[in-house]
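So the protein lines, in turn, are chains A and B.
Numbering-wise, the first sequence is residues 1077 to 1320 according to the numbering used here.
Numbering-wise, the second sequence is residues 1077 to 1320 according to the numbering used here.
These are computed hints drawn from the structure, not numbers from a lab.
Bear in mind the structure is a predicted one, so any value in this text is a computation, not a measurement.
Don't take each hint at face value.
In this list, chains with the same sequence are indistinguishable; a pair is considered to hold if it fits within one copy or across any two.
As the list claims (entries may be wrong) - Simulated pairs of lysine-lysine, DSSO-like, Cα-Cα distance not exceeding 30 Å:
id	residue 1	residue 2
1	Lys1195	Lys1281
2	Lys1135	Lys1164
3	Lys1104	Lys1218
4	Lys1218	Lys1272
2 protein chains.
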Amino acid sequence: MGKALRWCLVLTCLLVPLAGDGLEMNLKNYCESWRMNVELHNIREFQVVPEECTEYIGKYVTSTQYKVDSQRATEECLVYLSTSCNLKKDGFDAWIFDIDDTLLSTLPYYEDNLYGGRKLSVTSLEEWMKKGNAPALDHSLKLYNELKSRGVQILLVTSRKEHLRSATIDNLVKVGYYGWTKIIFRDPANELVSVKKYKSDVRKKIINDGYRIWGILGDQYSSIEGIPSPERAFKLPNPIYYVA
Amino acid sequence: MGKALRWCLVLTCLLVPLAGDGLEMNLKNYCESWRMNVELHNIREFQVVPEECTEYIGKYVTSTQYKVDSQRATEECLVYLSTSCNLKKDGFDAWIFDIDDTLLSTLPYYEDNLYGGRKLSVTSLEEWMKKGNAPALDHSLKLYNELKSRGVQILLVTSRKEHLRSATIDNLVKVGYYGWTKIIFRDPANELVSVKKYKSDVRKKIINDGYRIWGILGDQYSSIEGIPSPERAFKLPNPIYYVA
């Protein structure tokens, strides 16, 4: 979209009520409703954050609010674990974590890419991942360690590919994640199926191996939806990209 | 909670970073994260809106933002319908709507009950429903009429009980909803099962009758989750109560 057209759109949103519906919508309302409907899973398969909302979304994901929202999600995992899980402690109580934007933050990468406003270059993202400098999501690290201390087996299921294995493990350990039971990377052979199907298939194998999946923490619906379901799934906010 | 304790909590939230986690959380952050995690379905089964957040939640549900968020959800239904549904137009293309806080707003009732901050009295809510004065949710009404005009059969599935049938129908028609194909109320005989199970069972019958459920619009996860699933489910925001 040209810069002139973009500003025209911005000004239209800011100044003029949307035709015909009687709502005095402004750009903030518009971008907030976009974000909310992404989290509600009403908006799916978006390729980029709408250009006029990249500033709004960038502010959110770098805000205290984003951290507090994420903290609350991880706290709810612990509430659930303490109130509703009858752990058997036989080595088969398990919890699944997604990696990107669940354990490790890709924000430093997206900061340089308009916070999701620029169409994703897998090559450049993987180049960045190979450096192994992704910071931890602090609240996830706390949850991870708390689960570990309660004897829950930690299973990491990522759509990162095998060739990123050693860089990913180095990165995880460097920021404080270790002692997991399994870490499963995506085999290039199954890249034709969706991430949702890949992650469901992995859960099937995990359950066949005898694990009870008490919960999943992920930032994408493709990490937590699909059959077989865990007992409970918890979703971290992530308005910067969509993985189907 | 006593008033003094409440204010103590409020002041603590406003002024003091939460111990040990380095986050400068304030009351707004706290209430917003509560709301967001309700919508993410991380917080479930809450009985009341936290006392210290009733003002925040009341402001949201009476705001332009709430309307814009709801509008976007209904717009996404139409995007989906126009891009991904191959309607057969044989009288069996169907869409399910929940009623309360999907077609009709219960906000006037909750306005008098601390916006979900007071524990629900089913008797007083049903008394209010019997008056038949619930206003329409404008964006849902638009979607409803648009679906009707495209020949989609409209199925209303509510957890309102049979004794509210005539008051509900009067109310719906009065605010502009008519021309539905089925309206299904809850039989007191099955009140022991969860709303989620009741609504899933209704969908099973609907599918057995030959309908293709293209979508559901509801404000509660119990209206849209469970097997059989529709092709797509759309969720309206609702932070004031939780129906399991």
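Results for each hint:
Within a single copy, lysine 1195 and lysine 1281 get their C-alpha atoms no closer than 34 Å, and across copies no closer than 44 Å, so neither meets the 30 Å cut-off. Proximity of lysine 1135 and lysine 1164 under a CA criterion of 30 Å is satisfied in neither setting, with 43 Å inside one chain copy and 45 Å between copies. Proximity of lysine 1104 and lysine 1218 under a CA criterion of 30 Å is satisfied inter-copy only: 24 Å between copies versus 33 Å inside one chain copy. For the homomeric pair lysine 1218 and lysine 1272, the shortest alpha-carbon distance inside one copy (26 Å) is at most 30 Å, but the shortest distance between copies (33 Å) is not.
In summary, the structure is inconsistent with hints 1, 2 from the numbered list given earlier, while agreeing with the others.
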